[in-house]
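Peer 1: Given the sequences, and given the hints that come with them, work out the whole structure.
These protein sequences, in sequence, are chains A and B.
Going by UniProt numbering, the letters in the first sequence line up with residues 1 to 1006, in that order.
Going by UniProt numbering, the letters in the second sequence line up with residues 1 to 164, in that order.
Certain hints may be false.
Pair ranges (Cβ atoms, derived) [unchecked claim]:
{"no.": "1", "chain 1": "B", "residue 1": "A80", "chain 2": "A", "residue 2": "L800", "range": "52 to 60 angstroms"}
{"no.": "2", "chain 1": "B", "residue 1": "T26", "chain 2": "A", "residue 2": "T987", "range": "30 to 38 angstroms"}
{"no.": "3", "chain 1": "A", "residue 1": "P860", "chain 2": "B", "residue 2": "N116", "range": "35 to 43 angstroms"}
Everything labelled a hint here was simulated from the structure, so no lab data went into it.
These figures come from a predicted structure and were not determined experimentally.
We put the beta carbon where it would ideally sit given N, CA and C, even for glycine.
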Amino acid sequence: MSDRQPPTSRAEPTELPAPLASPKRFGVAVRPPHYAWNGEHFVSDRLVAVDRTSVAGLPGQVEIVIEGDFVGVVADSLAAAQDAARHLRLEWRAPSGAGQGDATPLPVATGAASRELAAEYAKTASSHRHDYGWPSRLRWGDTPGWVVADCSDQRLMLWGETITPEALIHDLMTLTGLPAERIELYGTTPTRVSGLGRHCGDDAAVDAALMSRQLGCSVAVWLDAAYTRDVHALGQAQCITLSADLAESGDIADYRYHQAHASGDIAAVGLWLCGRPPARRTVAGRTPFFSPYDFNNAQLTTRRDDHGTGRRNEHLAEIQQAFARESFLDEVAHESGQDPLMLRLRHLDDARGVELISSVSQRARWGEALSSATTTSPDRLRGRGFAYSQLPDRHQRIPEGVRSAWIADVEVNRITGDVTLTRLVVGQDAGPEVDTDRLQQTLQARVLGSARPLLGRDPAFDEWGDGSKDDKNVDPTPGGALAIHTAMATKESADAEATTSLLQPLDDVNLAPGVAVIANALFDATGVRFRQPPFTAGRVRQALHDQADSLQEETPGRPTNRPGRRWLKAAALTAVAGTAVMAWPWKGAITPINRPAANLYSAETIERGRLVAAAGDCAACHTVEGGQENAGGRAFETPFGTLYSTNLTPDEGTGIGQWSYAAFERAMRHGISRDGKHLYPAFPYTAFAKISDTDMQALYAYLMAQPAVSAETPANALSFPFNIRPLMAGWNALYHDPSPFEPDPGQSELYNRGAYLAEGLGHCSACHTPRNAMGAERSGQYAFSGAMVDGWEAPPLNRLSRSPIPWSEASLYDYLRHGASSLHGAASGPMAPVVAGLGELPEYDVRALAHYVAVQMDAPAGDSETVQADAAVRIATAQSGPAGMEEGERLFEGACASCHMESGAPSFTSAQISLALNTNLHSQHPDNVIQSILGGVHADHVPGLGNMPGFADSFSDSQVVNLTAYLRARFAPDQAPWRNIESRVTTIRQHNNSPSPTPNATTRRG
Amino acid sequence: MTEAISLTVNGRSYELAIPPDTPLLTVLRNDLELNGPKYGCGLGECGACSVLIDGMAARACVLPVSVAVGHEILTLEGLASEGRLDPVQSAFIEAQAAQCGYCLNGMIISVRALLNHTPRPSSAQLRAALEYNLCRCGTHVEILEAASRAVAISTAESPEAPHE
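Peer 2: Structure (C-alpha cells):
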C-alpha cells in the first residue's frame, strides 16, 4: 500500500535518500498550548518566556530555536530532541481578546464570515439548504515518515512528502525570501498528487526549514500522529452554503451558492507562528465558478478578501465546488423524491454533456437495483452515487473544458465503518484532441491517488505475521481497509507514474466529482450524509451508530437502514459536519443488536481475531476452572471486594451476543458496558485502549463466531464505595488514558511490535505493575515493578527482577515460547495459560515480546559463560541441604526429591530445572512457592512441560511452613529467610478454599 | 471434556476418548487394564506407578495422559519380549526380592531405566537410582541384590556392551 518503507526501518539517518541522506540534527516543533485557524485569522498563545535551564544538562547537544511564537528543539537524535521537548519549560500567554487562562480550544470555522453568512440566509427561507465543509489539512499520510530540510548558501533543499508542492514552495518562499528556483523539493510517489488539498506534511516541512535555516545545517523532523494536532487546529478551510427552492415541476427555481473564501489554502502552521504570515491581499478579479448547469435565478457569491497565500488554488477550488454542488443536488433530489441523475439532466443545456451522462449511466446500469448477489449480510450496506462536473479550460472557457461523469458503487461494513469502493465507472470527454489511452492510464493513477488521502491506514506495529517484509501480501488488514477497484482499470499505471512529475499540475484529468460521488454513494448505502471529507471508517462507524441509536428511539424494533424513509432524521443528525472528533456518547446504553450472522466475517478476519484473543489471553480470566471457554464467572479477589469475570460468548441473554461493534469497542477502550454501566479496571481496558482498530474489529469478529454459552455472571461483592459503578467515571478521568498506541520512532520495529503487544493486547502491566490505593496502575519507575495478583506474585519485569540468574533476551524468549527457561524455571500459576496463549502467536511476535521485556530489564541478548558458570555453582551448592531443619528435609526428601533431585538416570517426569535457579524461591514473597506446594503446577497445555501435584490435602499448615522455609534455605542460600510464611500459608489456604461458584453452563451452537 | 487421545503402549496403538488431564496411571489401569503399574501415593513420591516413556522412568500417577501422546510407553507387561523375561525381571525372581511386592513394579522399571542409560552402573549408582523408590516392607537389601544380579545378567547377555 505504501510506497515508502515502514518508518522504523529507516530510523537510521544513513538510510535516508540522497542528497539529504544524513541530516546533521533532529528537530521537534513545540506548538503553543492553544492555536487555531478560526475561519479568518490564525490565533495562538504568545510566547512570553523560555527557561533554557530546563534543558541544560540533557544529552544530545540540545539547541532551542525561537522565532516569534515558533519553538523548535534540536538535538543529535530524535529521541534526545523529543526528550528535551518534554523537559523544556515555556511560558505562554493567551492572545489578547481571548480570556486569560482560558482552557477551552478556540472556536473553529465560526468566524465573522460564517456569522454574516448565517444572518444573510436567515432572511431568505429556502426549502433546501445545506452547508459543506472542506478541511484545511488532510491526514498526514499512510505512515509516519521523515521530513528533512537543508537551508544554507541561499538554497533550500527539502526531502519529504507533499501532495501540494506548489503551495509548499510558496510557503517556503515566504519563509526564506528565496526565489522558487533556489528551492528544491525531493520526495517520493508522484502519484500522490491528488489535488484534494494540503496535508500536514507541509507543516512538518516548514518546521524543518525553519529550524534548518536558523542553525545552518540539515534538520530532520519526524512526521507522525503529533501533527494531527495541526489538522484539528486549522479546522475548516472552506465552507460552502447552498440553497434552492423548487418549482412545481420539481425544477430548481432559485439556486444560491455562497462560499466563504475565494480559496481554501491555509499556510503552514510554522509560518503563522514565526510571524511571517502570507501577504493578505484582496484577490483581483471575479472568483471563478465552475457550474455546468443552467439554473433559473442562480446567485453565486463569495467573500472577497482572501485569507490564504493570496494565490488561488483553482484545482482545489474546483474540487471543493464540485463536492458541495454535486452533494447538494443529490440531497435536493432525495428530498424531493427525484432521480438524482434526472434532476441534473433537466438543468444541463449541453448536448455533449447529456450524451456523456447517458452513456455512463447505461454502462453502469444506473436505475437498476444493486445486485445483492455478492452480499448476503445485513451488515453490509451497498449504495450507488452519481456526480458530474465540467471544468473550464486554461483560458477559463467552460464549453471547451473537460466534462466528467462518475458513477460509484460502495459497500459499507456497518459494524466496522469500512467503506469499499466496489465499482467505479467514469466517463470523460477530454475535448477535441484526446489521447484516450493515456487518459485512461492517468485516470487509473489519479483515481487511486485521489481516493487514498480520504482514508486512514493503521501503522505497521499491528501487523500479524512473521514480520518479514515480503509477508505484506498476506494482507495486513484482512476484511479491513478500503480497497479501490475500478471497472475501467485495464492498464497498469506504470507509464502514468513515469510520466507524472511531482510538480505536474492536474491539467488533463477532471477529478472534481471524485469526492462527491463517494459521498452520494455513501448516502445511498447508509442514509447518512457526509458533508465534509474525509470519510474515514471511524467517522462512518460513528455516524451509523448515532443513526441507529436515534432510530431505535424513534421506531423501536425496526432495524431497517435504507435511505428514503429516514433521510430526514439522518440529515438532521449530521447537520453541520466539522473536523472535530465526535465524542463518545458517554454512559448511554448502546442499542442491542441481533447477533451478527456467522458468515459476516471472512475466515482471515476471524483467524486474525483468534490470534488477537490468544495474545490478549481473554480466556485466562473469562473462564472458570474446568468451565466453558470465555463463559466467565471466575472470581477475582481484590482489595475492594470480589469481582466476577463476565460471559464473552455471543449468547444473547447472558453473553455479548447483543453487543454491536460500537458497544464492544467502547467497553474495550473506555470500560463502559453496553448498557452504559462502568466496568471495573480489573478488566484491563486501560491496556486494551491501545489495541489498533483493525485488531479490535478482528477480535469482535472472532468472539462473535464462537459457540454461544448461556451462563449468568454472579453478582460482584464489592465493599462501599467501590460498589457504586458511576464512581468509575471519576476514576477513568483520573487514571485512564484512552489514547491509541503510538510507536516510538527511535526504536526498532521489533521493539514497537513488542511494546504494542505488551502494553496493549498482552496487558502485561495489568499484573506486573503495582496499583495504587485506588486500584490504578502506578506509572513511571513503578511500571513493571511487580505486584501481587489473585494470591500470586507477578514478579518485576524491570531492573528490580530478583531472578538468581539475570534474564537475557534469549531466556525470555525460551520462557515465553516454550514455557520454561533452563536458567530460570517454568511458567506456573496464572502465567501458565498466558504462555499457552502465546503458543498460538507467530514466532516474530514472541521474539518481539521478549525483546521489549529485555529492554525493560536492561537484559543482554544471550547468556554469557559467566552466567552459565554461576548457574552451575548454584546447582552444585544446593546438592546438600542446610543443617538443623530436619522436618523440612524429611518432607523434601520424601515428597519432592523424587522429581526435583537427580537420581543418576534421566526421568520423563522429573523437573528439568534446578530449584536453585528458581525465581520464586529468590523472591521477597513466599507466595508463589506456597501456591505451588499447595496447588501444584499445571502446565499440561504447554507441550513438554511436566505437571506437579498439589499437596494441599496431604500436608498440614506446619508442614507447608517447614518445607517452604527449608526450600528457601537450601535453594536460595544467598537470600534472607522469609519471616511471614506462616501467615501467608493461612491466607493462601483460605483464599484457595473460598468456594468459586460454578455456573451451570450449557453450550449452544449458533 | 473428553478428547480423542492416541497412545502407544507396549508397541500397540490405542484410540481413546478421555479427558486429557486424566492421569496416565488411571488410563493404563482402568482403560487398558494394564495393572503392572500400581497406585501408591498418587503424588509421585513412592514410584510404585512407574512406567517407561521413551526408555526413561516416569511416574504415571502425576502425568496427564495428554503429555504422553506421541511417546512410546512401556509398562511392566511390555518388558518381556518374544516369550523371554527382561533380565531385570529374571533377576528379581531369582533374588526373591519381594515381601508384599507392591513396590516391585517401580523397582524393576527404575533399574531398567538406569540400565538403558548406564549399562554397567556401579553399586552407588544403583543405590542412587532407587533412592526415591519407597518400600514399606523393608526389603531393600534383597532389592539391591536383585538389581546387582540384573546388571550381571544383562552384561552376560550383551558382552559387546561398553565397559565402564
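Peer 1: Against each hint, give a clear statement of whether it holds in the structure.
Peer 2: How the hints compare with the structure:
Evaluation of the 52 to 60 angstroms hint for A80(B) and L800(A) yields a pass: the beta carbon distance comes to about 58 angstroms. Between T26(B) and T987(A) the C-beta distance comes to about 33 angstroms, which sits within the given range of 30 to 38 angstroms. For P860(A) and N116(B), the hinted distance range of 35 to 43 angstroms is satisfied, since their beta carbons lie about 39 angstroms from each other.
Hint compliance for this structure: every hint is met.
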